[in-house]
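Could you build the full structure based on these sequences and the hints that come with them?
Sequence order for the protein chains is A and B. So for the first sequence, our numbering puts the first residue at 8; every next one is plus one. So for the second sequence, our numbering puts the first residue at 8; every next one is plus one.
In case anyone wonders, no lab produced these hints; they're calculated from the structure.
Negatives, chain B to chain A, calculated, CB over 12 angstroms: (1) Arg146; (2) Glu239; (3) Asp409.
If you want the footprint, here are the derived chain A segments under chain B, 3+ residues with CB under 8 angstroms: (4) 32-41; (5) 68-75; (6) 86-94; (7) 204-217; (8) 223-230.
This one's a predicted model, so the numbers in the text were calculated from it and none came from an experiment. Backbone N, C-alpha and C define an ideal beta-carbon position, used for all residues, glycine too.
2 protein chains.
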Amino acid sequence: MTFSDPKDSRQLLARDALDPLVRKVFLEVPLPSLRDNRGDVDRVLDLLEKQSDVRNPSVPLGMVRHLSEVLYESRGPLTVTLAVKESSTEVIDAAAGNQVGMNFALAVDLGSTNLVFYLLDLHRGVVLDESTAENPQVRFGEDILSRIHYCEREEGAAELQTVLIQAINGALAKLLQKNGIDRRHVYAVAAAGNTTMVHLFCGFSTHRLCREPYSPVVNRLQICPARDFDLEVHENAVFYALPSVGSYAGGDALAGILVSQMHRAEKFSVLVDVGTNAEIVLGNRHWLTVAAGAAGPALEGGVVGCGMRAAPGAIDQVRMDRKTLRPTWSTIGRIPPRGICGSGLIDLMAELFLSGVIDERGKIVIGAQGVVERDGHTAYRLVPADQSGTGTPIDLTQLDLDNLLRTKAAMYTALTVMTRQAGLSFHDLEYFFVAGTFGAYIDPEKAISIGMVPDIPLARYRALHNSAGVGACLCLLSNAKRRELEEISRRVTYVELNVDGDFMPLLNAAMFLPHTDASQFPSVTAKRFS
Amino acid sequence: MTFSDPKDSRQLLARDALDPLVRKVFLEVPLPSLRDNRGDVDRVLDLLEKQSDVRNPSVPLGMVRHLSEVLYESRGPLTVTLAVKESSTEVIDAAAGNQVGMNFALAVDLGSTNLVFYLLDLHRGVVLDESTAENPQVRFGEDILSRIHYCEREEGAAELQTVLIQAINGALAKLLQKNGIDRRHVYAVAAAGNTTMVHLFCGFSTHRLCREPYSPVVNRLQICPARDFDLEVHENAVFYALPSVGSYAGGDALAGILVSQMHRAEKFSVLVDVGTNAEIVLGNRHWLTVAAGAAGPALEGGVVGCGMRAAPGAIDQVRMDRKTLRPTWSTIGRIPPRGICGSGLIDLMAELFLSGVIDERGKIVIGAQGVVERDGHTAYRLVPADQSGTGTPIDLTQLDLDNLLRTKAAMYTALTVMTRQAGLSFHDLEYFFVAGTFGAYIDPEKAISIGMVPDIPLARYRALHNSAGVGACLCLLSNAKRRELEEISRRVTYVELNVDGDFMPLLNAAMFLPHTDASQFPSVTAKRFS
Numbered sequence: 008m009t010f011s012d013p014k015d016s017r018q019l020l021a022r023d024a025l026d027p028l029v030r031k032v033f034l035e036v037p038l039p040s041l042r043d044n045r046g047d048v049d050r051v052l053d054l055l056e057k058q059s060d061v062r063n064p065s066v067p068l069g070m071v072r073h074l075s076e077v078l079y080e081s082r083g084p085l086t087v088t089l090a091v092k093e094s095s096t097e098v099i100d101a102a103a104g105n106q107v108g109m110n111f112a113l114a115v116d117l118g119s120t121n122l123v124f125y126l127l128d129l130h131r132g133v134v135l136d137e138s139t140a141e142n143p144q145v146r147f148g149e150d151i152l153s154r155i156h157y158c159e160r161e162e163g164a165a166e167l168q169t170v171l172i173q174a175i176n177g178a179l180a181k182l183l184q185k186n187g188i189d190r191r192h193v194y195a196v197a198a199a200g201n202t203t204m205v206h207l208f209c210g211f212s213t214h215r216l217c218r219e220p221y222s223p224v225v226n227r228l229q230i231c232p233a234r235d236f237d238l239e240v241h242e243n244a245v246f247y248a249l250p251s252v253g254s255y256a257g258g259d260a261l262a263g264i265l266v267s268q269m270h271r272a273e274k275f276s277v278l279v280d281v282g283t284n285a286e287i288v289l290g291n292r293h294w295l296t297v298a299a300g301a302a303g304p305a306l307e308g309g310v311v312g313c314g315m316r317a318a319p320g321a322i323d324q325v326r327m328d329r330k331t332l333r334p335t336w337s338t339i340g341r342i343p344p345r346g347i348c349g350s351g352l353i354d355l356m357a358e359l360f361l362s363g364v365i366d367e368r369g370k371i372v373i374g375a376q377g378v379v380e381r382d383g384h385t386a387y388r389l390v391p392a393d394q395s396g397t398g399t400p401i402d403l404t405q406l407d408l409d410n411l412l413r414t415k416a417a418m419y420t421a422l423t424v425m426t427r428q429a430g431l432s433f434h435d436l437e438y439f440f441v442a443g444t445f446g447a448y449i450d451p452e453k454a455i456s457i458g459m460v461p462d463i464p465l466a467r468y469r470a471l472h473n474s475a476g477v478g479a480c481l482c483l484l485s486n487a488k489r490r491e492l493e494e495i496s497r498r499v500t501y502v503e504l505n506v507d508g509d510f511m512p513l514l515n516a517a518m519f520l521p522h523t524d525a526s527q528f529p530s531v532t533a534k535r536f537s
Numbered sequence: 008m009t010f011s012d013p014k015d016s017r018q019l020l021a022r023d024a025l026d027p028l029v030r031k032v033f034l035e036v037p038l039p040s041l042r043d044n045r046g047d048v049d050r051v052l053d054l055l056e057k058q059s060d061v062r063n064p065s066v067p068l069g070m071v072r073h074l075s076e077v078l079y080e081s082r083g084p085l086t087v088t089l090a091v092k093e094s095s096t097e098v099i100d101a102a103a104g105n106q107v108g109m110n111f112a113l114a115v116d117l118g119s120t121n122l123v124f125y126l127l128d129l130h131r132g133v134v135l136d137e138s139t140a141e142n143p144q145v146r147f148g149e150d151i152l153s154r155i156h157y158c159e160r161e162e163g164a165a166e167l168q169t170v171l172i173q174a175i176n177g178a179l180a181k182l183l184q185k186n187g188i189d190r191r192h193v194y195a196v197a198a199a200g201n202t203t204m205v206h207l208f209c210g211f212s213t214h215r216l217c218r219e220p221y222s223p224v225v226n227r228l229q230i231c232p233a234r235d236f237d238l239e240v241h242e243n244a245v246f247y248a249l250p251s252v253g254s255y256a257g258g259d260a261l262a263g264i265l266v267s268q269m270h271r272a273e274k275f276s277v278l279v280d281v282g283t284n285a286e287i288v289l290g291n292r293h294w295l296t297v298a299a300g301a302a303g304p305a306l307e308g309g310v311v312g313c314g315m316r317a318a319p320g321a322i323d324q325v326r327m328d329r330k331t332l333r334p335t336w337s338t339i340g341r342i343p344p345r346g347i348c349g350s351g352l353i354d355l356m357a358e359l360f361l362s363g364v365i366d367e368r369g370k371i372v373i374g375a376q377g378v379v380e381r382d383g384h385t386a387y388r389l390v391p392a393d394q395s396g397t398g399t400p401i402d403l404t405q406l407d408l409d410n411l412l413r414t415k416a417a418m419y420t421a422l423t424v425m426t427r428q429a430g431l432s433f434h435d436l437e438y439f440f441v442a443g444t445f446g447a448y449i450d451p452e453k454a455i456s457i458g459m460v461p462d463i464p465l466a467r468y469r470a471l472h473n474s475a476g477v478g479a480c481l482c483l484l485s486n487a488k489r490r491e492l493e494e495i496s497r498r499v500t501y502v503e504l505n506v507d508g509d510f511m512p513l514l515n516a517a518m519f520l521p522h523t524d525a526s527q528f529p530s531v532t533a534k535r536f537s
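Okay, structure coming up:
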């Protein structure tokens, strides 16, 4: 999966597949003469047509003046910058001499919690650098729904948009300074996010996103000027938001499909993108369905008392010695633990179950090692106060476990309903892709142990790492990839799972570890009693 | 020629040929539902594709917000306004309910002397109203060259642009008020003018227009937002400038070709557009050449002492009784004469020649009736002081006659060289079109009499009236006509006549009335000695 992680491979595309959203063409424009009474701009466009595959590029009025002046000063050698727009190509810059190398872009993963930035060289087709920042909207509301409510205030939406744009401009400025690049050479910005994040970015009303029938303002926003968003890049730079499918399946999830290439395979695959919501995609080259569920909160620092986001100090892995029942754990950033993030919670629940500290119903076995009383509730103490980064113990309460059980059951039920509706069994799946940073850390074996995901060979599980960010990069580097993504957005059908009559019985059946029907998890049964 | 004059026929196109630059489409948009999770904008665009031939229209960011809001308020019925852009169609407005009838446009003939305005109903495809105003740039320079010089001053170009736009906004406001139309329902403006006028309108540098190699900034300016020019119309209205071919052949001349349809005929025709410069087009469906000459000044109020523009008080027709040698004349506006305009000058010279008051060399015959001495120069007194609107006599001096002789000789020579170069004789011409207001008033018989235009059957002479204005109207009413015009602009070849070795000898031979070779003008010889 090197393809999917820019850290692994800074060149995301084969060199010959490079066909960026913005490109620069060098021209040796003939001087005007008495025999050639074409206008300056006509002369440039004629040559452009001859030398490249661009037909009838559009030239805005300001660019007409600029082209003519630059051409007069340069006396011939000219670099023309072209941006692909909806159904045309537009001249967005012109400079004297050969400047084709000065062509950069920014890709943004608009996570509701974290923003990830990729600085791209569109000429060479590589990721130059990247950085991460917390989404500043978090301070207006941890989860998406509270931000939508914040937007109901006067100027609320403008405020959320402003802090987001400022964060992007700030991160970009740092990346540019570090790499010695002028912001006037940044000609394109692409952003992938869930539907609400894209609405918040664009300043669109989110009012109807959380109200039946949950209709977005737009799913496929067209390429538009970056200046409409006050992005501090070239004044004629373009902005592209990865398309979404309804309120629930955002560009981040669709980017996952693009990166996984499941939409081109003959065999079926599943893709799970766990964020604030969990999106599940099922399909192959013939059809694609997407469903959404509220699987996320318990795994993203909400709901669970000891939960936290995947940030420094978060316990992301837990192991338990089967004999001594003593736990070991690792934290993000290798600093004293402050809480447990999603992958850590799944690890912990699996280890507690496999070690017999919790039973099949997810209940803590009173008297088992590590079990304590806290504020009148039964809890498992993973980290004592003296080892904790906060000075207080890190405990997983029965309430937390109940929430985790519901989350894992909801995920498994959604997967079951979707595959059943398609007449498939889990064993028909070629791959089970897990997108998002969560996907990079989750241990499929542990997720199987608690019955969250199906008991299929581990080799079929594939982490897509930050597919949202990679998808945004690909859309900047390749018009073919961008069109492929748009085609995906037209093909994906949204399915509402709750209306399936089998949903509730199946959910109840999944409220056990790993499942009431243990035969669905043969590998777990083998392990538990080993 | 009813086709060419909007006064004659307010419907310029067959109803079924109507395909305007901006059109409105009425849609009954389905309401969003749980089963339909398309975005508001996607839902509108999908329906638009189904209901019309528009594919992938572009939707600017502001229009995304507006569309969504209007749709929510209207609960279904929606009118979408679409403007054709360079290689795409753009949604430029959206309103609740059925508003397809509210779709207007302005066509402007950007004459260097006079501006003519046409208010169009793009829905019904008719000219609603028209008006005329003096070009306010006249006070910065009567002729184009002096305005180009004015532009060399700081802010000179901006000043010329501003007064022009103000005049257009003022004229439009009057037309709108008179016809009870809101300016927010004016979605398109088209302008036809010579290359310099279009440069001045756009605020482009005219510096190189009058310097070798006379290269314009642009010949084919693309459709752009009207707000770029501060035109007081709908905020998303579009502007179209008719294309030109080099510095000399402007959109006004090309509009003449479009209106004449000579570019589609198998037989050859000539088109002459006499303005400040005279443009001559020769060709047929296989090829088109254009040449330019400074024929105009003498006929447009410059150079000739008693000359004036075709304005109220200008003598536009002159007749002379062959026996009594007493002149009669008519004036524009039927008010006392203040001078003589182009058609009047041609009439007068022809009558003086046919009556023997001037000889074959164009010299005034001393002692002939009406001949006077004025400030030491010989002159012919057409209007005595007591009948003149200025209180002073209107005299045509020998100097004026010399200038007129040069003008007519230059025109005839240009026509001769062009047809010869093509291996044609004047008798091969199917039509001889005369464009411009000048063409509407000139009497071909008189122009033949002085040897200005060839001695071919009078029925072949066709006045095109205001073909520049009509061409601008056609480009607003029909995308096919607009593309036809652009195709013409690509086909026309500019020819420099002065470089032809025969030019000077031919010019000298034409400096006689009607010509040194009288056999070229058999009808004149017959008349003179009748």
